[in-house]
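If you want the building blocks of each chain, they are given just below.
Number of protein chains: 2
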Amino acid sequence: MTTDIFFQIVTPKEALARLFERLPAAARQERVGLGTALGRITAAPLISPEDSPAFARSAMDGYAVRAADTYGASEGLPAFLTVDGEVPMGAAAERPLQPGTAQLIHTGGMLPPQADAVVMVEYTQPVDETSVEVLRPAAPGQHVIQAGEDLAAGDQLLPAGHQLRAQDLGVLAALGITEIEAAVRPIVGVLSSGDEIVPAGAQPAPGQVRDVNATTLAALARQAGAEVREFGVAPDDRTELERLARAAQDACDLVVISAGSSVSTRDMTADVIGSLGLPGILAHGIAVKPGKPTIVAVADGKPVFGLPGNPVSAMVVFGLVVAPTIRRLLGAGPAYGPPRRRARLTRSLASQTGRIDFVPAALSQRDDEWLAIPVLGPSNLIATLVRASGLIRIPLDAGGLAEGVWVDVEPF
Amino acid sequence: MTTDIFFQIVTPKEALARLFERLPAAARQERVGLGTALGRITAAPLISPEDSPAFARSAMDGYAVRAADTYGASEGLPAFLTVDGEVPMGAAAERPLQPGTAQLIHTGGMLPPQADAVVMVEYTQPVDETSVEVLRPAAPGQHVIQAGEDLAAGDQLLPAGHQLRAQDLGVLAALGITEIEAAVRPIVGVLSSGDEIVPAGAQPAPGQVRDVNATTLAALARQAGAEVREFGVAPDDRTELERLARAAQDACDLVVISAGSSVSTRDMTADVIGSLGLPGILAHGIAVKPGKPTIVAVADGKPVFGLPGNPVSAMVVFGLVVAPTIRRLLGAGPAYGPPRRRARLTRSLASQTGRIDFVPAALSQRDDEWLAIPVLGPSNLIATLVRASGLIRIPLDAGGLAEGVWVDVEPF
Chain C
1 MTTDIFFQIV TPKEALARLF ERLPAAARQE RVGLGTALGR ITAAPLISPE DSPAFARSAM
61 DGYAVRAADT YGASEGLPAF LTVDGEVPMG AAAERPLQPG TAQLIHTGGM LPPQADAVVM
121 VEYTQPVDET SVEVLRPAAP GQHVIQAGED LAAGDQLLPA GHQLRAQDLG VLAALGITEI
181 EAAVRPIVGV LSSGDEIVPA GAQPAPGQVR DVNATTLAAL ARQAGAEVRE FGVAPDDRTE
241 LERLARAAQD ACDLVVISAG SSVSTRDMTA DVIGSLGLPG ILAHGIAVKP GKPTIVAVAD
301 GKPVFGLPGN PVSAMVVFGL VVAPTIRRLL GAGPAYGPPR RRARLTRSLA SQTGRIDFVP
361 AALSQRDDEW LAIPVLGPSN LIATLVRASG LIRIPLDAGG LAEGVWVDVE PF
Chain S
1 MTTDIFFQIV TPKEALARLF ERLPAAARQE RVGLGTALGR ITAAPLISPE DSPAFARSAM
61 DGYAVRAADT YGASEGLPAF LTVDGEVPMG AAAERPLQPG TAQLIHTGGM LPPQADAVVM
121 VEYTQPVDET SVEVLRPAAP GQHVIQAGED LAAGDQLLPA GHQLRAQDLG VLAALGITEI
181 EAAVRPIVGV LSSGDEIVPA GAQPAPGQVR DVNATTLAAL ARQAGAEVRE FGVAPDDRTE
241 LERLARAAQD ACDLVVISAG SSVSTRDMTA DVIGSLGLPG ILAHGIAVKP GKPTIVAVAD
301 GKPVFGLPGN PVSAMVVFGL VVAPTIRRLL GAGPAYGPPR RRARLTRSLA SQTGRIDFVP
361 AALSQRDDEW LAIPVLGPSN LIATLVRASG LIRIPLDAGG LAEGVWVDVE PF
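Just so you know, the sequences run in chain order C and S. Using the numbering used here, the first residue of the first sequence is number 1, and each one after it goes up by one. Using the numbering used here, the first residue of the second sequence is number 1, and each one after it goes up by one.
Everything labelled a hint here was simulated from the structure, so no lab data went into it. All figures in this text were calculated on a predicted structure; none of them were measured in a lab. Honestly, I wouldn't trust all of these hints.
[What the hints assert, rightly or not] Simulated DEER-style distance windows between Cβ atoms:
(1) S/Arg366 x C/Phe80: 22 to 30 Å
(2) S/Gly201 x C/Pro411: 30 to 38 Å
(3) C/Gly39 x S/Gly354: 51 to 59 Å
(4) S/Ala402 x C/Pro411: 23 to 31 Å
(5) S/Ala202 x C/Asp397: 33 to 41 Å
(6) C/Pro206 x S/Glu181: 37 to 45 Å
(7) S/Ala202 x C/Ala152: 31 to 39 Å
(8) S/Ser264 x C/Ala44: 35 to 43 Å
(9) C/Val127 x S/Lys292: 26 to 34 Å
Here a beta-carbon is modelled for each residue, glycine too, at the ideal position from N, C-alpha and C.
Extracted from the complex, chain C is given alone in its bound form (with noise of 0.2 Å):
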């Protein structure tokens, strides 16, 4: 079913890279309207239907002029100009730009035909109702957008896989764009195992415990983007948890169990998720503490992951492996990662090289200074996850950090 290989403990990045390397290249697509489109990737490029802007559009409050008629103009000798009416917002010239001429016009104003120019009101001044004085040249073009000089029709505004912003809707509105192609969102089955867990619902008998990581996942795939369905806890029975599984892997594209914490239901776990379809695991093992008992595998085209039962393991693993697949799958470009938060750390922690860490810390301000404060103690207790705002990440080698150090703390 799979080869020794595979059971060594390999880093998350070479798990993403056999992980990868299995899955479909394309994500399937469907159109949106632009009200609900914030967050979703783009499956196809977005390309500029029009000039924008539409016209020349003056780029200042003045008067639009023949740039020609102004040369040479100075304090001195200032270049005198009839004003010839004001460019009407929202609408175009009542007449054309004669020469030895000037109209007002504000900011976003349509240039009048045969102007090719704005000199500020500021570099001007008036002599009467009907004649200004323009104490500066103006070059050809000056203070002018020229009509396509934004984006030109063609113009490619925005690459397929990228996660839609707020502006981008705000330009796609602008240029009349109101549907776009976006990547499906992938459905992402939670599963979870064990004879101790009980589901959230329930009331737990004694030696129960109410399942934490259905929940948690459930939130954390919807912020990476996709759809969720819970298949609720199966029990410690082989037959059981891969009838749960298969229905998962029927109804789902991505496949996500929290086995439970003992060494027995993880196994069984292992073996369920090897049984689901070919190629079968990839990695069995991350080089990540808190996270190493973790299963990547490919099962007929479909990622299956194995997460530790310990939530505080469960949520770094997502982040680390689970995340990225459902990027993948909506053919997001390259993530920037997680933006991070400089902190001063506040004690040091040791590590070992050879795999990467995560220690849990809350965050908390001190004068202009972000303070970054391990919460230490078992790594399986609930209120790790409410004390702590971040996650501090100690690299594959680094053997540690010191007390006193900045550190990159990244949200959690």
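With the hints as your guide, set chain S onto chain C.
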């Protein structure tokens, strides 16, 4: 209506201070199910209703023991214990732990009555089917998570004003909390003005352009936690602008008006905002570039903002004053502010002291470093909106930034 002091340019911080002291303190609240609570703001502290765990649990795979039975144990002289069965996962032990015995237990298993410690399986050695040697002494409480050790009934889980994250929902689910009191989303009314502006769905006549800001500002308001009502585009007609502004004020909790690009439209917008109610305009002009022609007002208890028509300016000002006001209306706690990305500046930037400058920048990765590439040129081009992915902030009195320095780029 307002005194002269309000017409001096102020910092965004000062403008917000004037605004916040005139806003109601408490947010309205509503009950929200966990399934739709992601990103919502807690309106009251959340308290743990029960101990977690509800029972003493094993933190390791091994044997539940009485610590006293292992005192003095060593590799040379192990403690000999009779194995009295296995604690099932998700259920209580079948019987209390008798002196001189051990029960096999898994991580997360419920400690049997009379047991007070767990010995890791690595420090034991099986003798036969029913007995085991313990090679190290166990201290009472070793590898045991006591009832209530993680969270005790009555512990505060999360404060009021907290934005709910994926893991918060997981923890609430684990404690059987399925509904919470959330701050009601404020309704933001969005209105544009200017004779040259037509709604996104319309075909512009010569001299007209489609509205960028309504779509952008609506999406930003939703991202900040508000609901949005759009009020279209008002022409440069005082009566009509005032009619639409009053309609927005009546129907919404906060009003954002983006003025057209001409000075006359901006003046009319200021006039209308000043007439909507008391105390009126609190700041007219903020020390920010781009974004100076900003109006901050309160009219009969509701914040009203006049934003510049330039879409880059409108976005910058939204982030500086409107988004914090939405958070304030939500009763949200002090935000961490946007996370930043450290990047190396590719060219020197000049800045005037006495104001905060924001320069849009594209981000590009080179080796392990991010580069911040300023997007220069006229700030009123909509191409800037799609080309930039960040904002470089030049502080109030920095006077500029040199090529090659590290800058913290805010997401844009």
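Here is what the structure says about each hint:
no., hint, result
1, S/Arg366 x C/Phe80: 22 to 30 Å, "violated (55 Å)"
2, S/Gly201 x C/Pro411: 30 to 38 Å, "holds (37 Å)"
3, C/Gly39 x S/Gly354: 51 to 59 Å, "violated (37 Å)"
4, S/Ala402 x C/Pro411: 23 to 31 Å, "holds (30 Å)"
5, S/Ala202 x C/Asp397: 33 to 41 Å, "violated (59 Å)"
6, C/Pro206 x S/Glu181: 37 to 45 Å, "violated (31 Å)"
7, S/Ala202 x C/Ala152: 31 to 39 Å, "violated (22 Å)"
8, S/Ser264 x C/Ala44: 35 to 43 Å, "holds (42 Å)"
9, C/Val127 x S/Lys292: 26 to 34 Å, "holds (31 Å)"
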